[in-house]
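J.: Here are the chains, one letter per residue:
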Amino acid sequence: MSVPNQTADLQLNRAAAGNGSVLRGPILLFFVSGLFWLLIAVALWLLSAFQVTDPFSPLVFPDVAWLTYGRVYPVAMDLLVYGWASMIGVGTAIWILDRMAKNPFPGGYLPLLAGIIWNLGLVFGVWGVLGGGSTGKEWLEFPLYAAFPIWLAEIIMAIWAVALVIGRRSKGGYISQAFLLTAFIAFAWAYGSANGLLQFFKVSGAAEPAIQWWYFGCLISLWLTPLGVGIVYHFVPLLIGRPLYSAKLAAISFWGIVAFGGWTGIAQILGAPLPAWNQTASVVANVLLVIPVLAFATNLHLTMKGSFDVIKPNLALRFLVTGGMVFGLASIWNALTTFRSVNRILEFTWAVTARTDLFLIGFVTLICFGAIYYTLPRLVGRSWKYTRLIQWHFWFSIIALGTLVFDLTIAGVLQGFGQMDPKVPFAAVIDIIRPFLLGYELAAVFIGVSALLGLASFLTVFVNPAWAPDSKEAPEPVINEEVSLA
Amino acid sequence: MNRLSKIIGGGFVLFGLSWWGLAVYPYLSFATLKANVDPNTKEVAPPDIPGAAQQGYRVYAANGCVTCHSQFVRDKSEGGDIDREWGKRRTVARDYMKDDQVFLGVSRFGPDLTNVGVRQKDAQWFYRYLYDPRLFDPETTMPSYRWLFRDQAIAGQPAQNALKLEGADAPRPGHEIVPTAEAEALVAYLLSLKRDYALPEAPVSQQ
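Line by line, the protein sequences are chains H and G.
Following the working numbering, the numbering of the first sequence begins with 1 at its first residue and continues without gaps.
Following the working numbering, the numbering of the second sequence begins with 1001 at its first residue and continues without gaps.
Please note: incorrect hints may appear among the correct ones.
[What the hints assert, rightly or not] Computed beta-carbon distance windows for the label pairs:
(1) H:W277 / G:Q1160: 44 to 54 Å
(2) G:A1035 / H:P422: 26 to 36 Å
(3) H:R434 / G:A1168: 18 to 28 Å
(4) G:A1153 / H:L28: 51 to 61 Å
(5) G:P1200 / H:V162: 48 to 58 Å
(6) H:P425 / G:E1043: 31 to 41 Å
(7) H:R434 / G:R1172: 29 to 39 Å
No lab work stands behind these hints, which were simulated from the structure alone.
Keep in mind that this is a model prediction, so the values were computed, not measured.
All residues carry an ideal CB built from backbone N, CA and C; glycine is no exception.
Please put together the full structure from these sequences, using the hints given.
T.: Structure follows, in structure tokens:
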């Protein structure tokens, strides 16, 4: 097998959604917007990290309502999820689905429309939450006038994706198609019904947190997860020029994720006033979810086997494979910490925040950058020149992730044991973790730097030389890099 | 298409199950909850939410108090909440049946507020606490919510709910610091957070 080298991999390919496709514009719109929201998210996150460490620092403005921690931090998290991860995920999904369908689909204006509406929703959301319109429900803070456009954009994308796949000229079905379509449909349902029930029908009482945390499970496990997994399943075989190792493992990962994913959220609030069987089912689902995730990670590993040396020169692949492996780790860690014996200590602590951050900053963000590094040169017809920058970006992302997750996890463990002991006064528990809050500030700075490095390398592609076809390079495989499900 | 559509259809059904189980089922089962009336004292539990507190939900939501404060007490078997005296008993679904909005929360960077109205019964305390938490703990990590208050010239009599502040926080001479309508609603809401009545399904746990 010819091992594609860095330039070969990062070369332009004019096939599929490449230059000249009607989809080029929409995909670029999603990418540029995603990066824009990442920067805003990280800036706000950084501000909030300084505020939470020291509420009397000069970065705290007790007279300015819209800059208070309780508004800034939720906006940062929402933008990370609905702005950054979702928009990059959708942009990449458009690229993949179009490529897999093999036929030009006339509905290119639909993704464009969706991208515009999505951005409007995010603008309203930031405006709304900072301005005091937050719903006060974690991950669902956006008021109706912001949530509705985002949902509408999602519905448009779901319809587009389904129509594209139904009308496709290629035969059979592929695992990435299954994951991406599932993601679109599940998110449309979950986001729509959660916002509809909570904000439109104004369900009240203990059913509220039930719906809210059911939704959180879907957001993580049936939206961001299948987007990320679908992207990895598609790109990794493409990048190393070999099919996926096992169709069976791929099927296990798919069925496992759709079967257990929706049940995982309630484990975030164990001990809450919700039906006991709901809570048990959710713990079990979090544990069982390890099976499909490990099936995915194993499949990835076996597909990569023998090609691991490609990771070093191939930067897109490096992001994607690392992201996939972090996902395996995150899932095991998630299962271990939902066991009641562990959860009773760690619940409500920074360790829970770290668990979600590991998923968002480790798995999702790395995959998003991997996808950008692969597709962007093909979209704009230029290749990466400043690969050093991308390497820096990679290592900084890893350092930032490590600092953040280690720091907050240790803080959480100390905080958890402190709170378990009624003899330790509450304020003393906070004193114990103060040094780790400084570590959190540092981690937030690292995250800011890695986001800037990502942005910088994104921008360099536009000044890079146009790609000249080189006959020595193997043409990109046409379609069957994945294994067919049929 | 067949194979792929079957897969998507199957995924849809599996996913729908979780929706039914975790969202619809709790909704339907909580919809039938009724307040408990003590046969002897005729006391209704949970009590009705006072009108003044109704606006407070929105202020609590808007300002993300939930990012640092939880509002539920776990059973002894689930954690140390009762030992820490955040409540005498675990909270159950009925505790929240009259709440317009429920903020369980997943973080306890600040103390649990399920029963903060039991611990503190004085609106003035809450005003001063929100205005400047450092009055109570100079090292605190609770942010100040000064913008919830207004500095106004004293017209005739000082306002009844003017904040009693000294030292660096003291208002200019002839002026007073008073809570805005939002602060009043928020504090009325915080004062209403009292889950100290008895419910048969959540007996007070014996030591």
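J.: Against this structure, judge whether each hint is valid.
T.: Hints, one by one, checked against the model:
{"no.": "1", "hint": "H:W277 / G:Q1160: 44 to 54 Å", "verdict": "51 Å, holds"}
{"no.": "2", "hint": "G:A1035 / H:P422: 26 to 36 Å", "verdict": "32 Å, holds"}
{"no.": "3", "hint": "H:R434 / G:A1168: 18 to 28 Å", "verdict": "24 Å, holds"}
{"no.": "4", "hint": "G:A1153 / H:L28: 51 to 61 Å", "verdict": "57 Å, holds"}
{"no.": "5", "hint": "G:P1200 / H:V162: 48 to 58 Å", "verdict": "50 Å, holds"}
{"no.": "6", "hint": "H:P425 / G:E1043: 31 to 41 Å", "verdict": "34 Å, holds"}
{"no.": "7", "hint": "H:R434 / G:R1172: 29 to 39 Å", "verdict": "35 Å, holds"}
When each numbered hint is compared with the structure, no violation occurs for any of them.
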